[in-house]
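As they're listed, the protein sequences go chains A and B.
Anchor point for the first sequence: position 68 equals 68 in the numbering used here, and the numbering is continuous, going up by one each time.
Anchor point for the second sequence: position 333 equals 333 in the numbering used here, and the numbering is continuous, going up by one each time.
Some hints could be false.
[Said to hold, decoys possible] If you want the footprint, here are the derived chain A segments under chain B, 3+ residues with CB under 8 Å:
1. 189-202
2. 232-242
[Said to hold, decoys possible] Here are a few chain B residues that sit away from chain A, every Cβ distance over 10 Å (derived from the structure):
3. A68
4. S132
5. S143
6. D147
7. W155
8. G174
9. Q205
10. G411
Simulated from the structure, these hints should not be mistaken for laboratory data.
In this text, a Cβ means the ideal position worked out from N, Cα and C, and glycines have one as well.
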Amino acid sequence: MFAQTLDDPLDAISEAELARLVRVADPLLAGRPLLSPGHRPTRARAGQGVEFLDHQEYAVGDDLRSIDWRATARCRHPQIRRFRNERAADWFVCLDRSASMSFVNHSKWRLGVQLAASLSYLLLHLGNRVGLMLFSSDVDTLLPPGRGHFQYARVAAALRNSAPRASGGGSQLRRCSRKLAPRTPVLVISDFLAEDGMQTALTGLLAAGRTVQALQVVDDAEVDLRSSGTLTLRDAESQASMTLDLSDDGAASAAASLARLQDDLATCCRSKGIPFTACQTGDGWKKSVIRHLKHLGAGDA
Amino acid sequence: MLSLLSPAWLLGLGILPLIRWLHRFHDARSPLPVSALFLWRTGQQAESAGRLPARPDPRWRLRALFFASLLLTLAGPHWNPEPEIPIEVWIDDSLSMFAGESGGSRMHTGLRELVTSLQGADRSIVRIRSLSNPAVSLQLDASPDNDWLAILDAWTLAPRGRPAPPPAVQMATGAEHWLLTDGADKAIDEWLQTAPISRVIQVGQATDNVAVTRLAVRPALEPGELPQAMVTVSNTGEQAVERRLTLLAGGKKLQQWSLSLAAATSATRIVPLADVSAPNLRASLAPGDALRLDDELQLELKNLAPVAVRMYGSCGKHLRKALYTHPRLAVGAGNAGSYDLGIACGHNPAALTGPALRVHTPQRPQGLKSAAYWLSGAGNIRWPDLDPEWLYIDAAQPQANASTVLLSSAGTTLITASDAAQPVVDVFLDLENISLVRQPEYPALVDALIGYALNRRLLTETIHSEHPLAESHIAPRPLAPAVKYTQAARAAAGSIDLSPYIILLGILLLLTDILLVSRSAGHAAISTSRPG
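Given only the sequences and the hints, what does the whole structure look like? Please build it.
This is how it looks when you write it as structure tokens:
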């Protein structure tokens, strides 16, 4: 059991709901289920490896070199050999803990933590190894990949003991690239509030043959100042300040800038094959996870 | 027409630029943290650190409006659909205003000046009030045919007594108050400290005056004595004067004195009055001074004559003796139709109209068993103390139907009186009983009964006439300057006070400002809070 407080974002997550989500996530995160004759589906992943996994009927597009002729002779149908894909199972969840994630009233941070925890749970229950990386201007926390319930407990404890930075620091996702091995699947959870929408960093992650998924945490209230007159605004991360006259439609232009940033990011992700989901804080973690899984399913289709 | 009671408050509007300037500092001191500054950055706004905003917080307009509404409320705005307000003139019609000076009496001089001022003020509603008797008033008609001076001269023919100014709160608030006075009475100066008088017309310069302030006669009570006449003369001026005082009895010179009076002193002279039949006594001073009305004083001597008493029925000898020996009574004088006091005696005395004394003679006298006491209805007459052993009443006492009981004993009515102004006194005591007659209180009781019926104290009274000394002061005092209450009067004269509406507007502005501030503060608190 973990120590729980009233402010703990993980209190909103129940393992029963996560277990139900596992059935939905199984085909979406792992591809086709592995069916061995006389056995229930296993959660092992097929791919490149040396460890034999099972046989499967040949389908158009399969590599002819993987046909097991002995098995084909026994079954009178073409059978191919499949091997356990060990490298693809080491997922990393990268959660942004820069100062901008503390807005609005920690709602973005709460949702980010809940998404990180729930997706880690799903990946772990699908047999993957999951690691956790909390980053801001640098990698602040690194939890190596692990497998099983104990790893989820470690992930949850790391999330519980973390908080977004009070001030300073930027969302430097490229710092995470140096800590990640090539071809490692990465799940990035951030508000992507950088002037380039962190597109450069995302592209950098893809460069080493990694698989990247992006979840943007958004709260529209952060551009609603609920005030009037002339205000001096201070950037929570860079501490730069600026005078703004709200009578000049400053609030409306900020909302438009945020929307434009989201559109550019979504377009970039779509063009680079990165599954992207914008998660509103008001929607809650469950709805956001399901929407992301749907995006994955649509990508598969 | 919009009017302001205190327009000086509007000078505070000069602070409005200061309010605007102060609002340039507000938000520079408390920057609002945001998650990403570049979202707000446009071409027109440059990043700055610690620099004052180019423009003040627009909420300064709201606060300036609130401040302006506060000042406007303090200025006392009124909407006056009828700009003309009436003038109420308080005329000091005390004795000193009738002092003669060059050009006529003070009153006439003041009235002339008043009429000129009223015509200059061009008001159609003018009320004249007496300061000595505020209930006496006069409404002046604005018709051009009316001669206001003649009307006012006729209205102020004689003094109405000492000034009795009304309290300030009882004065009409919807009128402009003027005052015509010579300022001789101290009460007027004190009244001006609080009264909303907008204009004071002060007349008079003379300060010296000598007055006959008292003329009195004490009746003679002993045989061979003469009544004593006394006259008092007072110098109320500021210089020593010499006067010749002449006392006339029935028009004949009784005595003459030459008096030298220092300032603020009095002299009294006493002389026996030989001619008691004279109808009046008159004292006069010569030569005359500014105020002639108090240079002469006359006293009617009608009350100096003995009281004519007429008896009806069989009055006892002791009662007769007491009446005959009373020094102020003339028993048997007058005829049946004209007497001062009627006395009826007998078991069932004749009915008389007051003033009268009815003595009920008991048929079967019996003594009292308990003490007799005078009741409060007996008034201020000095009644003698009566021992119950001296008092006898009829065993079958007739029912008394008078409403005022004077003397009673254990529920038994002994002396009663009717409630009329000239009462009929019914006596149920046995006034012929020897135990009472022998007492020295007996003549005192008879005198008290007659005094009650006549409402006079025959043995101690003096006949007098006087001028109040304070009324004879004619030296004008410097008065406090009048304050303009015209705007206040206009505001009260049927105008609408706009202050509540402006206060309501100010409250709405304040609530709006509080709402905006709380929203900003709430958002700032949400934005800056961090998880623990």
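Inset, instruction - Mind listing which of the numbered hints don't hold for this structure, in increasing order? - result: none
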